[in-house]
Amino acid sequence: MAVDEGSRNYEHPAYDYMERMPGLSLAMTTVDKVLEWSATNSLWIFPMATSCCAIEFISSAAARVDIDQIGSVVRPTPRHCDVMIVAGTITVKMAPRVKKLWEQMPEPKWCIAMGSCAISGDFYRDIYSVVPGIDTVVPVDVYIPGCPPNADQVLHGLERLQAMIRSDRAGGGMPREERPETAKMINPENRRVGDPERDPSLTDAQHDASRNLGVGANSDRTRDARPIGDIAEDEAADVRGSVDDLEEGA
Amino acid sequence: MSAWEALRERFDLPEEPSAEEPPVIDVSRHVEMAAALKEFGFTMYVTVCATHFPEEAPKAKKGEDPPPPIPEHWEVATVLRRPGARSETFAWRVSVERPVVPTLFPLFAGADWQEREQYDLVGVIFEGHPDLRRLMMPEDWDGHPLRKDYAIDTRVHPWR
Ligand code: SF4
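Chains as they are written, first to last, in numbering that gives the first Met the number 0: chain A, 0 to 249; chain B, 0 to 159.
Bound-form chain A, shown alone:
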């Protein structure tokens, strides 16, 4: 797992308060049960829904499966929610936004990766713009495989999460699920930029493409002009020259 948020033992905010109430110590077991019941049966869902899995997710909220029956209502804001369900393909441009929304959710919070796109990038995992698995961005507790998963599988995923929360409150810790090794489709076949085992000629080819005729990332047309880096100085001058020509001509 690329992200590690340490141990996230679950404690209800009202727990301390209730414990300190006079005369309540005898009733602690019952209070515990009440808190556990309320914690597991009010998992409000923030739908991080980006593509086709989102449609299946909608049907899991509809009459036939009805995740409302376990107290999971869908809220369109991260600040009210306990569970983020990532339903769909996450692109590289979207990933920082997902992370930001995840950070806006108050603790305790959990994340469910729904569908193979959120789990591993699925058949898009080799595409330049797709994140190969949302667990490289946020920590994932429950994986629901499928393309898309059935609506009842979503309900089952929520029930697995409930079981995990119960085990955590009973002192058993909160073991996250393992990323399923479906058909060995875990990591992209292409080594990505920055990977030490990547073939350097690929990086060179990409640099060639981006400096081709002086347009693209190295021109000052992009908002964050990037350093020209390892392009030779005279070529870099060409690049700047051709962009200047264009702007004079325009």
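Careful: at least some of the hints might be erroneous.
No more than 20 Å apart at the CA atoms, straight line, and that leaves these computed lysine to any residue pairs for SDA-like [unchecked claim]:
| no. | chain 1 | residue 1 | chain 2 | residue 2 |
| --- | --- | --- | --- | --- |
| 1 | A | Lys99 | B | Pro65 |
| 2 | A | Lys32 | A | Gly172 |
| 3 | A | Lys108 | A | Leu42 |
| 4 | A | Lys92 | B | Val99 |
| 5 | B | Lys147 | A | Asp198 |
| 6 | A | Lys92 | B | Asp139 |
| 7 | A | Lys108 | A | Asp67 |
With the C-beta cut set under 10 Å, the calculated list includes, among others, these residues of chain A facing chain B [unchecked claim]:
| no. | residue |
| --- | --- |
| 8 | Ala53 |
| 9 | Thr90 |
| 10 | Val91 |
| 11 | Lys99 |
| 12 | Phe122 |
| 13 | Ser128 |
| 14 | Met173 |
The set of hints was computed from the structure by calculation and includes no laboratory data. Glycine included, each C-beta is placed from N, C-alpha and C at the ideal position.
Got chain A; can you put chain B with the ligand on it based on the hints?
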């Protein structure tokens, strides 16, 4: 009279329009073509599609000298539509060796994001476009992913 007949003489178009192969015109007459069509009622800017063709050496036929290599070039196809009861679609291409094509933004406001998208993905500069920034890829992205020589990948961390 159809648009094709009206413009055939002026732009040197072939006899019959073909759905598979829109006519290729010279890039210097690109804006003129769009303006003429707009006067003719083609007021809807449907799409622009740029394609990158890397340098290519065609195969020689048996017993012949190999034909000269085709240099790297870009093709930009523009599609306009005349809305209304008898709507018509008109497409033409320009082929350029440097990825620079005049913008149609002054004629069609709808060209704004479409041209930004093609700039972003294929790296064609639409000369004179007032705000030619990336549209789809993140702002700090390197290169233009739909070029044929683009290496397929993403940054390693935190997206591997
Ligand atoms: S896993 Fe399948 S259904 Fe779900 S978002 Fe990906 S492609 Fe769509």
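To see whether the hints hold, each was checked on the structure:
A C-alpha spacing of about 57 Å is found between lysine 99 of chain A and proline 65 of chain B, which places the hinted pair above 20 Å, so the restraint is violated. For the suggested pair lysine 32 of chain A and glycine 172 of chain A, the alpha carbons sit about 17 Å apart, so the restraint of at most 20 Å is met. About 9 Å separates the Cα atoms of lysine 108 of chain A and leucine 42 of chain A, which keeps this hinted pair within 20 Å; it holds. Using a Cα cut-off of 20 Å, the hinted pair lysine 92 of chain A and valine 99 of chain B is violated, with the two alpha carbons roughly 27 Å apart.
Pair hint lysine 147 of chain B plus aspartate 198 of chain A holds up; C-alpha atoms about 18 Å apart against a cutoff of 20 Å. A threshold of 20 Å between alpha carbons decides the hint, and for lysine 92 of chain A with aspartate 139 of chain B the separation of about 10 Å falls inside it, so the pair holds. A C-alpha spacing of about 18 Å is found between lysine 108 of chain A and aspartate 67 of chain A, which places the hinted pair at or below 20 Å, so the restraint holds. For alanine 53 of chain A, the shortest C-beta to C-beta distance to chain B is roughly 20 Å, which exceeds 10 Å, and the interface hint is violated.
Because the beta carbon of threonine 90 of chain A sits about 9 Å from the nearest beta carbon in chain B, less than 10 Å, this interface hint is met. Because the smallest distance between the Cβ of valine 91 of chain A and any Cβ of chain B comes to about 5 Å, under 10 Å, the interface hint for this residue holds. With its C-beta approaching chain B no nearer than about 13 Å, lysine 99 of chain A sits outside the 10 Å limit, and its interface hint is violated. A distance limit of 10 Å between C-beta atoms decides the matter here; for phenylalanine 122 of chain A the minimum to chain B is near 14 Å, and the interface restraint is violated.
This hint holds: serine 128 of chain A has a C-beta 7 Å from the nearest C-beta of chain B, less than the 10 Å allowed. Hint status for methionine 173 of chain A: violated, given a least beta-carbon distance of 23 Å to chain B, over 10 Å.
Against the hints set out earlier in the document, violations occur for numbers 1, 4, 8, 11, 12 and 14.
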